[in-house]
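**Q** What follows is the residue order along each chain.
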Amino acid sequence: MSDAEPLLSVRDLKRHYPVRSGILKRKTGAVQAVDGVSFDLQQGETLAVVGESGCGKSTLAEMVIGLDEPSAGEIEFEGEVIAGGVDKAFRRRVQMVFQDPFSTLNERMTVGRIVAEPLVIHGEREDDRAAYVRDLLKTVGLDPDRDYDAFPHELSGGQRQRVGIARALALDPDLLVLDEPVSALDVSVRAGILELLRDLQAERGLTYLLISHDVSVVRQVADRVAVMYLGEFVELGGLEAVLDDPAHPYTEALLSSVPRVRAEPAPDQRIRLPGSPPDPSDPPSGCRFHPRCHLRERLDDDDAARCVAADPELTEREAGGEPRPGGDDDRTVACHFRPGGRNY
Amino acid sequence: MADSPPTTDAPLLRAQNLRTQFGRENPLVAVDGISYDLRAGETLGIVGESGAGKSVSVRSLVGLIDDPGEVTGSVRWRGEELVDASSRKLRAVRGSGIGMVFQNAEAAFDPSLTVGTQIVEAVRASRDLSKQDAHEEAIDLLVEVGIGDPGGRFDDYPHEYSGGMAQRAIIAMALAGEPDLLIADEPTTGLDVSVQAGIVDLFRDLVAERDMSLLLISHDLGVVSQLCERIAVMYAGRIVERGSRKQLLGSPRHPYTQAFLRSVPDVDERKDLEPIGGAPPSLENPPSGCRFHPRCPVAEAGVCDGAAPPTVAFGDGHEATCYAYTDAHPGGDDYDREAVESIRWDADGTEEIGGEEEVER
Numbered sequence: 001m002s003d004a005e006p007l008l009s010v011r012d013l014k015r016h017y018p019v020r021s022g023i024l025k026r027k028t029g030a031v032q033a034v035d036g037v038s039f040d041l042q043q044g045e046t047l048a049v050v051g052e053s054g055c056g057k058s059t060l061a062e063m064v065i066g067l068d069e070p071s072a073g074e075i076e077f078e079g080e081v082i083a084g085g086v087d088k089a090f091r092r093r094v095q096m097v098f099q100d101p102f103s104t105l106n107e108r109m110t111v112g113r114i115v116a117e118p119l120v121i122h123g124e125r126e127d128d129r130a131a132y133v134r135d136l137l138k139t140v141g142l143d144p145d146r147d148y149d150a151f152p153h154e155l156s157g158g159q160r161q162r163v164g165i166a167r168a169l170a171l172d173p174d175l176l177v178l179d180e181p182v183s184a185l186d187v188s189v190r191a192g193i194l195e196l197l198r199d200l201q202a203e204r205g206l207t208y209l210l211i212s213h214d215v216s217v218v219r220q221v222a223d224r225v226a227v228m229y230l231g232e233f234v235e236l237g238g239l240e241a242v243l244d245d246p247a248h249p250y251t252e253a254l255l256s257s258v259p260r261v262r263a264e265p266a267p268d269q270r271i272r273l274p275g276s277p278p279d280p281s282d283p284p285s286g287c288r289f290h291p292r293c294h295l296r297e298r299l300d301d302d303d304a305a306r307c308v309a310a311d312p313e314l315t316e317r318e319a320g321g322e323p324r325p326g327g328d329d330d331r332t333v334a335c336h337f338r339p340g341g342r343n344y
Numbered sequence: 001m002a003d004s005p006p007t008t009d010a011p012l013l014r015a016q017n018l019r020t021q022f023g024r025e026n027p028l029v030a031v032d033g034i035s036y037d038l039r040a041g042e043t044l045g046i047v048g049e050s051g052a053g054k055s056v057s058v059r060s061l062v063g064l065i066d067d068p069g070e071v072t073g074s075v076r077w078r079g080e081e082l083v084d085a086s087s088r089k090l091r092a093v094r095g096s097g098i099g100m101v102f103q104n105a106e107a108a109f110d111p112s113l114t115v116g117t118q119i120v121e122a123v124r125a126s127r128d129l130s131k132q133d134a135h136e137e138a139i140d141l142l143v144e145v146g147i148g149d150p151g152g153r154f155d156d157y158p159h160e161y162s163g164g165m166a167q168r169a170i171i172a173m174a175l176a177g178e179p180d181l182l183i184a185d186e187p188t189t190g191l192d193v194s195v196q197a198g199i200v201d202l203f204r205d206l207v208a209e210r211d212m213s214l215l216l217i218s219h220d221l222g223v224v225s226q227l228c229e230r231i232a233v234m235y236a237g238r239i240v241e242r243g244s245r246k247q248l249l250g251s252p253r254h255p256y257t258q259a260f261l262r263s264v265p266d267v268d269e270r271k272d273l274e275p276i277g278g279a280p281p282s283l284e285n286p287p288s289g290c291r292f293h294p295r296c297p298v299a300e301a302g303v304c305d306g307a308a309p310p311t312v313a314f315g316d317g318h319e320a321t322c323y324a325y326t327d328a329h330p331g332g333d334d335y336d337r338e339a340v341e342s343i344r345w346d347a348d349g350t351e352e353i354g355g356e357e358e359v360e361r
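Protein chains in written order, with UniProt numbering: chain F, 1 to 344; chain U, 1 to 361.
Because the hints were derived from the structure by calculation, they are not lab data. Certain hints may be false.
[Unchecked claim] Sample of chain F residues facing chain U (criterion: CB under 7 Å; computed from the structure):
hint: 1; residue: Arg-92
hint: 2; residue: Leu-155
hint: 3; residue: Ser-156
hint: 4; residue: Asp-186
hint: 5; residue: Asp-245
hint: 6; residue: Ser-257
hint: 7; residue: Val-261
hint: 8; residue: Ala-263
hint: 9; residue: Ile-271
hint: 10; residue: Leu-273
[As the list claims (entries may be wrong)] Calculated lysine to any residue pairs in the SDA-like style (CA-CA distance at most 25 Å, straight line):
hint: 11; chain 1: F; residue 1: Lys-138; chain 2: U; residue 2: Arg-295
hint: 12; chain 1: U; residue 1: Lys-271; chain 2: F; residue 2: Glu-180
hint: 13; chain 1: F; residue 1: Lys-138; chain 2: F; residue 2: Asp-214
hint: 14; chain 1: F; residue 1: Lys-25; chain 2: U; residue 2: Gln-132
hint: 15; chain 1: U; residue 1: Lys-271; chain 2: F; residue 2: Asp-214
hint: 16; chain 1: F; residue 1: Lys-14; chain 2: F; residue 2: Gly-123
hint: 17; chain 1: U; residue 1: Lys-271; chain 2: F; residue 2: Arg-270
hint: 18; chain 1: U; residue 1: Lys-271; chain 2: F; residue 2: Asp-245
hint: 19; chain 1: U; residue 1: Lys-271; chain 2: F; residue 2: His-213
hint: 20; chain 1: F; residue 1: Lys-88; chain 2: F; residue 2: Gly-123
The beta carbon of each residue, even a glycine, is placed where N, CA and C say it ideally should be.
Modelling step: build the complete structure from the supplied sequences, incorporating the hints.
**A** Below, the structure written as structure tokens:
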């Protein structure tokens, strides 16, 4: 990455929801949905945040878009601190594409009106609005003559998601937050939407923050990947580094769990994670992954105790550590023992 | 088409020309004449996209189609006809011979009763056991499906189970009648991959240990390829290709199967994704001839849009319903070798299978 100022910079972002109990509804704890996440996003790149349900990735996206307010931490856009995400100028430059094209479009509006809606709200393009919307429909692969006056129920899932993308593009934003943009779609349709997102980025220099549980989708579009577990990033780095040579034990387990399409039975190399993700209102001490970690079995007692006692920070490879075959990269890992550290 | 088995090896389940339609005047034909056999211990996966008719087809097998749905054709379970069988008989078959696992826990469990109570009921409905014995059997089932602390979880209500645990409990319920066939409809859809991996392991173990047959419905080729020896591909209500896992994934023949495989994103490698152009057809007014022809890269006007396409056998049970491999197609015999080869799954990393004779099981 260049030394240019990042488009978006997130610093130690936290979102804790109070847990109240008893008849007086006293605050008795906090769900740590997002607990200290930091990253930079450069103009024109795609950062994917991947993780399983409840890891906090959607809460993170909502804070970036201004739909949820951080409990702590800062979001900077082009070097300016965004206060609560309510700034109108900021909101038009950051748009969101939602997961479910079946519930996020107003069924009573025509496609033309849905896509024009953000322009109406911001009082933009009053003179050539219809022509501009028709162009946008073309840009996302829809046919304005057929689709402009159509209602959402007349469209297929893929076409509806294209409408959602056109709406997000209406205000010519810089950053698109893509929240599971193809999860609700059939695979043959999914491929078309992913291609469209790649093309739009190339043509318009868009920056993407992609939220996904699906590593195979991440593989197709991301430049960098952050792996999230229980409110924290456990690994952050270049796409190939993280996916081809995962360093954090959770990344390793997650990748190994994805069912591959195989014509012949292949040797089973899956790492099985015991148990379920722990309760985010009562996360484990130290490294939050330690109760389920397969690496820990191989540690000696002193090292294993360290995982329980101290929460590892995202750090670069320690000097003197065993060089990993992924080569040099800007990857950071939140594990006491990987990469480098010791030879486990 | 269907193998003609020696009498000693009759199929457990035989579906012949199964057809399910909804409505009379302008019928929606969700399943349009599908046939297959399933023998003891076999694992068959049915793949396809939404609207292909996968779920309706398995519900049709066991009498789970409500009015105004109408099922015709034949379904023989151990030789006995199930289409038009009494609801009592169908319930009995579902309670013991065939276990069903559906995607959502809400449909499988009564939210007002504990999970344990419901499994005990399912055990007693199909087996003549005392309450005490049924209770022990239910605990054993919870252990078998991998629920830790089964004694403690027995008295929990369905909503107290996590997604993965609930799915395991549904499987325990499906096993209550000691079925010979497990029908699983999208059993891992909506689960996180690490949870999904555990459920896939569980199915594999159950099939091996109980010597059960498995009929798995999924849109996820990865899951199907991990569990099923045989695969059938459905498109717009029909089976368009079937074969062993190796045949179907290694040398797919039907242009739809080929296109479908090309559109699947690979977790290990970035590739140019090739969406299938157009959209799946309406089942109320399906295209004439081959239903894939409006989206097919090798469709031939005057052939593929005419009569229903023939089923071509490639040996060892590998079949595709497609004109491209017949003389009716202008490419004729050469077509098979050239045009279709060129659009074939280029099988990176997968073994290329040459002539039909060499196809192995």
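**Q** Look at each hint and say if it fits the structure.
**A** Against the structure, the hints:
1. Arg-92: Where the cut-off is 7 Å and the nearest Cβ of chain U is about 31 Å from Arg-92/F, the hint is violated.
2. Leu-155: violated (9 Å)
3. Ser-156: holds (5 Å)
4. Asp-186: holds (4 Å)
5. Asp-245: violated (12 Å)
6. Ser-257: holds (4 Å)
7. Val-261: holds (5 Å)
8. Ala-263: holds (4 Å)
9. Ile-271: violated (9 Å)
10. Leu-273: holds (5 Å)
11. Lys-138/F with Arg-295/U: With a Cα-Cα distance of about 21 Å, the restraint between Lys-138/F and Arg-295/U holds, given a limit of 25 Å.
12. Lys-271/U with Glu-180/F: The hint holds at about 20 Å.
13. Lys-138/F with Asp-214/F: The hint is violated at about 28 Å.
14. Lys-25/F with Gln-132/U: violated (43 Å)
15. Lys-271/U with Asp-214/F: holds (16 Å)
16. Lys-14/F with Gly-123/F: Answer violated: Lys-14/F to Gly-123/F is near 34 Å, above 25 Å.
17. Lys-271/U with Arg-270/F: With Cα atoms ~24 Å apart, Lys-271/U and Arg-270/F stay inside 25 Å; holds.
18. Lys-271/U with Asp-245/F: holds (19 Å)
19. Lys-271/U with His-213/F: holds (19 Å)
20. Lys-88/F with Gly-123/F: Given pair Lys-88/F, Gly-123/F holds - Cα atoms ~12 Å apart, limit 25 Å.
In this structure, the hints that do not hold are numbers 1, 2, 5, 9, 13, 14 and 16, in rising order.
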